[in-house]
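Number of protein chains: 2
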Amino acid sequence: MMFARSPRFVGLVGLVVLVLAAGRAEAQGPRRPRTPNDMLKSTEVAPDHKVTFRIYAPKAEAVSVGGDFGRGQMTKDDKGVWSLTVGPLEPDFYTYTFTVDGVRTIDPKNAMIKQGLGSLDSMFLVPGEAAEFEELKADVPHGEVRQAFYRSHTLDQTRSVHIYTPPGYEGGSERYPVFYLLHGAGDDDRGWTNVGRAGFILDNLIAAKKAVPMVVVMPNGSLPRPANMPRFTPGSPPSPELRAAMEAMQNRFTDELLREIIPFVEKHYRVHSDPEHRAIAGLSMGGGQTWRVVSSHPDQFAYVGLWSAAVFRRNAEDGEKPYEVFLKDADRINRSIRILSISVGDKDFLVEGSKHLAEMLEKHGIKHELHISGGGHTWINWRHYLKDLAPRLFR
Amino acid sequence: MMFARSPRFVGLVGLVVLVLAAGRAEAQGPRRPRTPNDMLKSTEVAPDHKVTFRIYAPKAEAVSVGGDFGRGQMTKDDKGVWSLTVGPLEPDFYTYTFTVDGVRTIDPKNAMIKQGLGSLDSMFLVPGEAAEFEELKADVPHGEVRQAFYRSHTLDQTRSVHIYTPPGYEGGSERYPVFYLLHGAGDDDRGWTNVGRAGFILDNLIAAKKAVPMVVVMPNGSLPRPANMPRFTPGSPPSPELRAAMEAMQNRFTDELLREIIPFVEKHYRVHSDPEHRAIAGLSMGGGQTWRVVSSHPDQFAYVGLWSAAVFRRNAEDGEKPYEVFLKDADRINRSIRILSISVGDKDFLVEGSKHLAEMLEKHGIKHELHISGGGHTWINWRHYLKDLAPRLFR
Numbered sequence: 001m002m003f004a005r006s007p008r009f010v011g012l013v014g015l016v017v018l019v020l021a022a023g024r025a026e027a028q029g030p031r032r033p034r035t036p037n038d039m040l041k042s043t044e045v046a047p048d049h050k051v052t053f054r055i056y057a058p059k060a061e062a063v064s065v066g067g068d069f070g071r072g073q074m075t076k077d078d079k080g081v082w083s084l085t086v087g088p089l090e091p092d093f094y095t096y097t098f099t100v101d102g103v104r105t106i107d108p109k110n111a112m113i114k115q116g117l118g119s120l121d122s123m124f125l126v127p128g129e130a131a132e133f134e135e136l137k138a139d140v141p142h143g144e145v146r147q148a149f150y151r152s153h154t155l156d157q158t159r160s161v162h163i164y165t166p167p168g169y170e171g172g173s174e175r176y177p178v179f180y181l182l183h184g185a186g187d188d189d190r191g192w193t194n195v196g197r198a199g200f201i202l203d204n205l206i207a208a209k210k211a212v213p214m215v216v217v218m219p220n221g222s223l224p225r226p227a228n229m230p231r232f233t234p235g236s237p238p239s240p241e242l243r244a245a246m247e248a249m250q251n252r253f254t255d256e257l258l259r260e261i262i263p264f265v266e267k268h269y270r271v272h273s274d275p276e277h278r279a280i281a282g283l284s285m286g287g288g289q290t291w292r293v294v295s296s297h298p299d300q301f302a303y304v305g306l307w308s309a310a311v312f313r314r315n316a317e318d319g320e321k322p323y324e325v326f327l328k329d330a331d332r333i334n335r336s337i338r339i340l341s342i343s344v345g346d347k348d349f350l351v352e353g354s355k356h357l358a359e360m361l362e363k364h365g366i367k368h369e370l371h372i373s374g375g376g377h378t379w380i381n382w383r384h385y386l387k388d389l390a391p392r393l394f395r
Numbered sequence: 396m397m398f399a400r401s402p403r404f405v406g407l408v409g410l411v412v413l414v415l416a417a418g419r420a421e422a423q424g425p426r427r428p429r430t431p432n433d434m435l436k437s438t439e440v441a442p443d444h445k446v447t448f449r450i451y452a453p454k455a456e457a458v459s460v461g462g463d464f465g466r467g468q469m470t471k472d473d474k475g476v477w478s479l480t481v482g483p484l485e486p487d488f489y490t491y492t493f494t495v496d497g498v499r500t501i502d503p504k505n506a507m508i509k510q511g512l513g514s515l516d517s518m519f520l521v522p523g524e525a526a527e528f529e530e531l532k533a534d535v536p537h538g539e540v541r542q543a544f545y546r547s548h549t550l551d552q553t554r555s556v557h558i559y560t561p562p563g564y565e566g567g568s569e570r571y572p573v574f575y576l577l578h579g580a581g582d583d584d585r586g587w588t589n590v591g592r593a594g595f596i597l598d599n600l601i602a603a604k605k606a607v608p609m610v611v612v613m614p615n616g617s618l619p620r621p622a623n624m625p626r627f628t629p630g631s632p633p634s635p636e637l638r639a640a641m642e643a644m645q646n647r648f649t650d651e652l653l654r655e656i657i658p659f660v661e662k663h664y665r666v667h668s669d670p671e672h673r674a675i676a677g678l679s680m681g682g683g684q685t686w687r688v689v690s691s692h693p694d695q696f697a698y699v700g701l702w703s704a705a706v707f708r709r710n711a712e713d714g715e716k717p718y719e720v721f722l723k724d725a726d727r728i729n730r731s732i733r734i735l736s737i738s739v740g741d742k743d744f745l746v747e748g749s750k751h752l753a754e755m756l757e758k759h760g761i762k763h764e765l766h767i768s769g770g771g772h773t774w775i776n777w778r779h780y781l782k783d784l785a786p787r788l789f790r
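Protein sequences appear in the order of chains D and A.
Heads up: the first sequence begins at 1 in our numbering, then just goes up one per residue.
Heads up: the second sequence begins at 396 in our numbering, then just goes up one per residue.
Bear in mind the hints are in silico, worked out from the structure with no lab data behind them.
Cβ atoms here follow ideal geometry from the backbone N, Cα and C, with glycine treated the same way.
Treat each hint with caution, since some may be false.
[What the hints assert, rightly or not] To give a feel for the contact side, a few chain A residues facing chain D, derived at Cβ under 8 angstroms:
id, residue
1, TYR451
2, GLY513
3, SER514
4, LYS716
[What the hints assert, rightly or not] Simulated DEER-style distance windows between Cβ atoms:
id, chain 1, residue 1, chain 2, residue 2, range
5, D, GLU276, A, LYS605, 44 to 54 angstroms
6, A, HIS444, D, THR85, 25 to 35 angstroms
7, D, PRO263, A, PRO483, 42 to 52 angstroms
Hey, can you work out the whole structure from these sequences and the hints?
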């Protein structure tokens, strides 16, 4: 029979259970022959911060590894183990995947992963002082990250949201300011926790009294695709219809945030509900969403961060027209928005959009900051942008 | 240069960002040639509940798929796609992995996964009425699942715990009973949420008024391995030293729960703190831990569930000795424990342990229930055991 119903435990997990149960005198060893894979260390960080990747794929003809640190071809040894050493890398968390004979796959030996909407990446840490701001530290009080659900009438869906509450929230009675923190395309509301490490970054800043205690709301910014969404043809530029459909889809997030998420948060959590106690920031697609929300409702948030933002329609015929409500009244904007901070890496493929946005704001006399960091369109930068902006909020 | 620093976006995510930014006139299509992998549907559930698995591995020589439904060899078509159809399967969530030329790997096309301590499994749902008790339903109020951290002096570690709070907890003032729910070996405190679906099961039971609102505490039951742990030789029975070390390691969980976790929960959350409002259940290793806790501290929990439990040292020389405190005073036990429920599948490799435990309790006049279900040592059973026990708690 081809399909045998014989689920069974193998390896250490089975051993632990068998030893604990001890109802069977003999623990059975793994059945399959041992391979170089069994003891393989798939990521190894040397003291000099060079990182070696390894994967067992004896029959593959070409294997590469790539992530937010770059990409490179691996070489095979006589046991079928492919390896590549990169770096030294700055202490930080990195994501990576292998590509085995053209097929992208995560590291089968590493349970630390980033889950996207339709993608998976493996993760590793290069430890060191530069990464301490984002690590789980034993000697600081920890807040909580919770997953909550709300019913969105705007999207006609049950939606998930992740919420960080600072140490002392549970069991306390104080009200806190709220920071709305948006992820990028392909991610969902888990992103800022799983790979963005927002909770640990806030824990560490709050413990060091560098940031005031705040609630951080991380919504799901990925929107349902309309059924009639025009098709994308790979290799060709997106059609005007596709662009219009995507614009319309993105615009729905403004309603979702203002009509659903903020009222839900202010009803259920101990937060202040005035714009002076509200901040918003987002990365990439979430930066674009932040800009849409803020440019259409400039009096709702006192603090704004646009990170590697998908902003500024450089080639659009309508130029500044979508933002004219925002741009025409600099005095009002400059009173209501205390920080309008734009951050982007010099190697980010969206760097020009941020520069053009800053120029447009400059031209209209709207106070803002433009920070060009090193690096590209990566979580490495976004975690640092959070670390840099959070201390300046609600002061 | 072998290692090129050229991180770039490909595929739909990049497209979304590019279209939104529209700073570049042309969206770039994927660079690599399209393969049968691009459009592959890796799990497909037919209306008759048969499930087809597919993986693109044109160079592999043998591929199989296995999970908590069984295991089978796949066959390759002329495009390099391996497939196998199994079932029909009962509506439920299932875990699976592929084994490609001897190497275990998760499904590269499926972002729904179960993360263990050192393992990954892919997951899929066979939808249907029988699975409704564990699904996220739009028309019921939802509680929250949060991750909290506490400092354990017993283990000298910062430990993570997942906590379900029922609808109405946040913003309310009521106190709730607490259910301590333990996972198995190889898992951690995420397990009962990610694969166990405890929050959704409770949401649905509470909405239907089948269960009273309760807080569910899901600790991390995986304990630090002592540095001097004796080695395990695959293929040989575990040595007496290894067994003793594992026993000692497991016994630490009793202290961890009673001295650290319960005081942390009762200090920070709105819960009742008397044994009448405390339940405990665990699966496999966690069932063993539950039995250790309860047999040594029988007056601390009014409701007890032992599921596929790693219990009863059938061959141990000391027989009933470790439990003599528990066994000698049936009257007291029968007064303090209102439900002592043992559940195990008839194909579970630990079924004999549960039967022997029930016989021992019977012999000493201790009230208990033994439920032998179908199925094996799987989350499929454990989710059902939760659904069956939770309604009977705190009544």
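Status of each hint after checking the structure:
Look at TYR451 of chain A: its Cβ gets to within about 6 angstroms of chain D, closer than 8 angstroms, so that hint holds up. Hint on GLY513 of chain A holds. Least Cβ distance to chain D is approximately 5 angstroms, under the 8 angstroms limit. Interface hint at SER514 of chain A: satisfied, since its Cβ lies 6 angstroms from the closest Cβ of chain D, which is below the 8 angstroms cut-off. A distance limit of 8 angstroms between C-beta atoms decides the matter here; for LYS716 of chain A the minimum to chain D is near 14 angstroms, and the interface restraint is violated.
Hint check: GLU276 of chain D to LYS605 of chain A, Cβ distance near 45 angstroms, so the stated range 44 to 54 angstroms holds. Under the hint 25 to 35 angstroms, the C-beta atoms of HIS444 of chain A and THR85 of chain D, about 48 angstroms apart, miss the expected range. Against the hinted window of 42 to 52 angstroms, the Cβ-Cβ separation of PRO263 of chain D and PRO483 of chain A comes to about 44 angstroms, which satisfies the hint.
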